[in-house]
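Trainee: In case you want the letters, here they are:
Number of protein chains: 2
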Amino acid sequence: MITVYGYSNSGNCHKLRLLLTQLGREFNWVEVDSTGGQTRTAEYLAKNPNGKVPMIEADDGRIMTESNAILCWLAEGTAFWAGDAWQRAQVLSWMFFEQYSHEPFVAVARFIRGWTPLGSPRRADLPKLQERGHQALAVMEQHLKQHPWFSGEAYGIADIALFAYTDVADEGGFDLAPYPAIRDWLQRVHKTPGFVAMPPPPVEAASRIALPD
Amino acid sequence: MITVYGYSNSGNCHKLRLLLTQLGREFNWVEVDSTGGQTRTAEYLAKNPNGKVPMIEADDGRIMTESNAILCWLAEGTAFWAGDAWQRAQVLSWMFFEQYSHEPFVAVARFIRGWTPLGSPRRADLPKLQERGHQALAVMEQHLKQHPWFSGEAYGIADIALFAYTDVADEGGFDLAPYPAIRDWLQRVHKTPGFVAMPPPPVEAASRIALPD
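Chains Y and U are the protein sequences, given in the same order. Taken in order, the first sequence gives residues 1 to 213; the numbers are from the UniProt record's numbering. Taken in order, the second sequence gives residues 1 to 213; the numbers are from the UniProt record's numbering.
Hints were generated in silico from the structure; no laboratory data involved. There could be a bad hint or two in this list.
Treat identical chains as interchangeable: a pair holds within one or across any two.
As the list claims (entries may be wrong) - Below, in silico cross-link-like pairs of lysine to any residue (SDA-like), each with a Cα-Cα straight-line distance of 25 Å or less:
#1 K47 - E76
#2 K191 - E204
#3 K128 - V4
#4 K47 - H134
#5 K191 - L211
#6 K191 - A82
#7 K128 - N48
#8 K145 - A46
#9 K128 - V108
#10 K145 - I2
#11 K128 - P104
#12 K128 - P117
#13 K191 - L45
#14 K47 - E141
#15 K128 - L211
#16 K128 - T35
#17 K145 - P49
#18 K191 - T41
Remember, predicted model here, so these are calculated numbers, not experimental data.
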């Protein structure tokens, strides 16, 4: 059985909980508070020198990092990553889009709003992060006006990758009202078999998130 | 025959020229100066709403974006992306690392140094970008002390992805002297069959790059 090292309020980590649950696979979950320095211990860095969550460990001790690569490994041979080579690469294309053009803005804005002190100088970055995040959301909206999913004919790992932080984009200060196709898609994902939602943020983060920027 | 839309001095674009050449595949190359706004025209955005290079177009007009996804599609069924599902996902892991933890720092520092005016306010970002870039280089160095390649047993697409901007990291102000394993690996890549180097930067960029930060 694999062990997931993750922080439950991280979208990148929640991707794995969601897919593993939907695959019906048992797994161990070791909670690692990446916001509190637990990915920077010597013990953790020995397993993942890049010091990030999530990470998985197989029974034989082998390690894999990078949420979207782990999704690919878990989904191999399943309907969550289906189609011919072109279609499977299109799924990867959306997953690289997520990590390069979406997560660094949508997720980081959420992190700054909820997990940094109210006086943090990083809050000055929010307008630029939100501008870039909206650019990514606009690209998603345009796709979803013509296609029901990001993973080809059916729901799959590109949807899971993009869903994770889009579903909590409001916590980063993003109003999804201008994106009706995204809102419909989020609802479709919520209704997929075995869906599991990310837990709400801890109290202190939630109280910060409730404040205006 | 596929058409590549790319800027020859972009590492992300050069990845495709390198793999296509090493695969012995013919291709058309349409030069798109992403530094001069050519990815923001209505015509370009109609093909790639995310407005980035590289992009490939098949004879039937189908489009694929994201350099590393395109590498995967091109390498499917070849020795450049070999091994079992675990190994192939480890290759993806390094490619996601490249796009999340390496390119936004190593490549962006190079872009700012060479392709923005000397008085650009973005130059104030260089120290932070270089700090984060060195963190990525340290992770690579640690891997390369124990393994000859990033793609498993042999050279492959994870090496191509990480090579592109590491080989020109000096142009971003990165001194590779502290990374002997990276320097040896760069030399091994240079010696792979069919290797082709990125062209030197345009004169104006080269003259800026030659200046201290």
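Trainee: For each hint, tell me whether it holds in the structure or not.
Mentor: Structure-based check of each hint:
1. Taking CA atoms no more than 25 Å apart as the test, K47 paired with E76 passes inside one copy only; the shortest distance there is 24 Å, against 29 Å between copies.
2. Within a single copy, K191 and E204 get their C-alpha atoms no closer than 30 Å, and across copies no closer than 55 Å, so neither meets the 25 Å cut-off.
3. Neither within a single protomer nor between protomers do K128 and V4 lie at most 25 Å apart by alpha-carbon distance, with minima of 33 Å and 31 Å respectively.
4. Taking identical chains as interchangeable, the C-alpha atoms of K47 and H134 lie at most 25 Å apart only when they sit on different chains, with a minimum of 19 Å there against 35 Å within one chain.
5. In the homo-oligomer, the alpha carbons of K191 and L211 never lie at most 25 Å apart, since the shortest distance is 30 Å inside one protomer and 56 Å across protomers.
6. Proximity of K191 to A82 under the C-alpha cut-off of 25 Å is restricted to the intra-copy arrangement: shortest distance 20 Å within a copy versus 36 Å between copies.
7. For a Cα distance limit of 25 Å, the shortest separation of K128 from N48 across copies, 22 Å, qualifies, whereas the shortest one inside one copy, 30 Å, does not.
8. In this homomeric assembly, K145 and A46 come within 25 Å of each other (Cα to Cα) only across copies, at 14 Å, whereas the closest approach inside a single copy is 45 Å.
9. For the identical chains of this complex, K128 and V108 are neighbours both inside a copy (11 Å) and across copies (16 Å), given an alpha-carbon limit of 25 Å.
10. Taking CA atoms no more than 25 Å apart as the test, K145 paired with I2 passes in neither setting, with 37 Å inside one copy and 27 Å between copies.
11. When the C-alpha separation of K128 and P104 is checked against a cutoff of 25 Å, the pair qualifies both within a copy, at 11 Å, and between copies, at 16 Å.
12. Taking the shortest Cα distances, K128 and P117 sit within 25 Å of each other both inside one copy (19 Å) and across copies (21 Å).
13. Taking the closest pair of Cα atoms, K191 and L45 never come within 25 Å of each other, the shortest separation being 37 Å inside a single copy and 33 Å across copies.
14. For a Cα distance limit of 25 Å, the shortest separation of K47 from E141 across copies, 15 Å, qualifies, whereas the shortest one inside one copy, 38 Å, does not.
15. Proximity of K128 to L211 under the C-alpha cut-off of 25 Å is restricted to the intra-copy arrangement: shortest distance 19 Å within a copy versus 29 Å between copies.
16. In this homomeric assembly, K128 and T35 come within 25 Å of each other (Cα to Cα) both inside a single copy, at 22 Å, and across copies, at 20 Å.
17. Only between protomers do K145 and P49 lie at most 25 Å apart by alpha-carbon distance; the minimum there is 13 Å, versus 41 Å within a single protomer.
18. Taking CA atoms no more than 25 Å apart as the test, K191 paired with T41 passes in neither setting, with 39 Å inside one copy and 38 Å between copies.
Against the hints set out earlier in the document, violations occur for numbers 2, 3, 5, 10, 13 and 18.
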